[in-house]
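Residue-level listing of the chains:
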Amino acid sequence: DTGVSQNPRHKITKRGQNVTFRCDPISEHNRLYWYRQTLGQGPEFLTYFQNEAQLEKSRLLSDRFSAERPKGSFSTLEIQRTEQGDSAMYLCASSLAAGGADQPQHFGDGTRLSIL
Amino acid sequence: AQSVSQHNHHVILSEAASLELGCNYSYGGTVNLFWYVQYPGQHLQLLLKYFSGDPLVKGIKGFEAEFIKSKFSFNLRKPSVQWSDTAEYFCAVNAYDYKLSFGAGTTVTVRA
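Taken in order, these protein sequences are the chains called S and H. Read in order, the letters of the first sequence are residues 1 to 116 in this note's numbering. Read in order, the letters of the second sequence are residues 1 to 112 in this note's numbering.
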């Protein structure tokens with residue numbers, strides 16, 4: 001299966017610790033997105049990249065959050081000094097840029113973060 | 001910014017019943033509309049999308065959706081559901097800025 005891959009699947013950590021998640025998109029996709037989903041809600045946009053450039057960040061993405069896509073392939077999302085409210089499912093998606101915004105985004109299985 | 005409203009939080013129905021899930025969005029410009037499905041334990045998958053042309057779009061597994069511009073709606077339908085359609089369904093919209101805005105989702109439970 002050459003879908004979007006996310007690691008780890010689950011992360012449990014103590015409040016105040018730093019965590020990093022990884023996303024490997026579908027190989028030919030040059031757009032990569034991060035979303036956050038909490039219980040009973042749909043995914044909420046966090047940020048997206050086209051190749052290695054981070055083009056937009058949501059106001060949801062506080063200074064404690066940083067995302068990178070250094071070579072335009074995989075991406076990492078780091079949360080520093082985690083707080084209880086960071087507990088959520090973090091989803092990664094990828095799409096082709098060619099053709100515009102109607103290109104469907106393909107989602108990974110997500111990383112579930114639990115803050116103790 | 002776009003916002004999406006899904007009318008039903010949880011729908012329970014029997015096999016062979018018809019399904020219709022409501023979705024309304026708020027945005028004055030041109031939008032692309034999507035329905036995604038998440039089966040238990042699986043990732044979000046695209047059911048169907050609308051971006052232009054025929055407002056009645058057909059997707060996978062017998063689903064279809066109708067875009068009614070005047071009502072800002074994109075309702076999902078299936079004439080006869082199966083037990084395997086038990087899942088969570090999300091309506092989503094984007095515009096020129098690519099990022100998707102999702103509704104809160106509707107959990108559909110199909111009883112055998």
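Don't read these hints as lab results, they were simulated from the structure. For glycine and all other residues, C-beta sits at the position ideal for the given N, C-alpha and C. Accuracy of the hints is not assured; some may be wrong.
[Stated by the list, open to error] Here chain H is said to cover these stretches of chain S; the calculated rule only asks that three of the stretch's residues, wherever they fall, bring their Cβ under 8 Å from a Cβ of chain H:
#1 42 to 50
#2 103 to 114
[To be verified] Going by beta-carbon spacing under 10 Å, a handful of chain S positions derived as facing chain H:
#3 4
#4 7
#5 26
#6 28
#7 31
#8 53
#9 58
#10 61
Do the hints match the structure? See the list:
Beta-carbon proximity to chain H at under 8 Å applies to 5 residues in the stretch 42 to 50 of chain S; the threshold of 3 is reached and the given coverage holds. Coverage of the stretch 103 to 114 of chain S by chain H holds. Counting CB-CB distances below 8 Å, 7 residues qualify, and the rule asks for three or more. At a threshold of 10 Å, the smallest CB-CB gap from residue 4/S to chain H is about 8 Å, leaving the interface hint in force. Because the beta carbon of residue 7/S sits about 14 Å from the nearest beta carbon in chain H, more than 10 Å, this interface hint is broken.
The interface hint given for residue 26/S is broken, as the beta carbon of that residue sits about 12 Å from the closest beta carbon of chain H, more than 10 Å. The interface hint given for residue 28/S is broken, as the beta carbon of that residue sits about 17 Å from the closest beta carbon of chain H, more than 10 Å. Contact between residue 31/S and chain H, as hinted, is supported at the beta carbon level, the nearest pair being about 7 Å apart and thus within 10 Å. With a cut of 10 Å, the hint placing residue 53/S at the interface with chain H is violated, because the nearest CB-to-CB distance is about 13 Å.
Residue-level restraint check for residue 58/S holds (minimum Cβ-Cβ distance to chain H is 8 Å; threshold 10 Å). The criterion of a C-beta within 10 Å of any C-beta in chain H is not met by residue 61/S, whose closest approach is roughly 12 Å, and the hint is violated.
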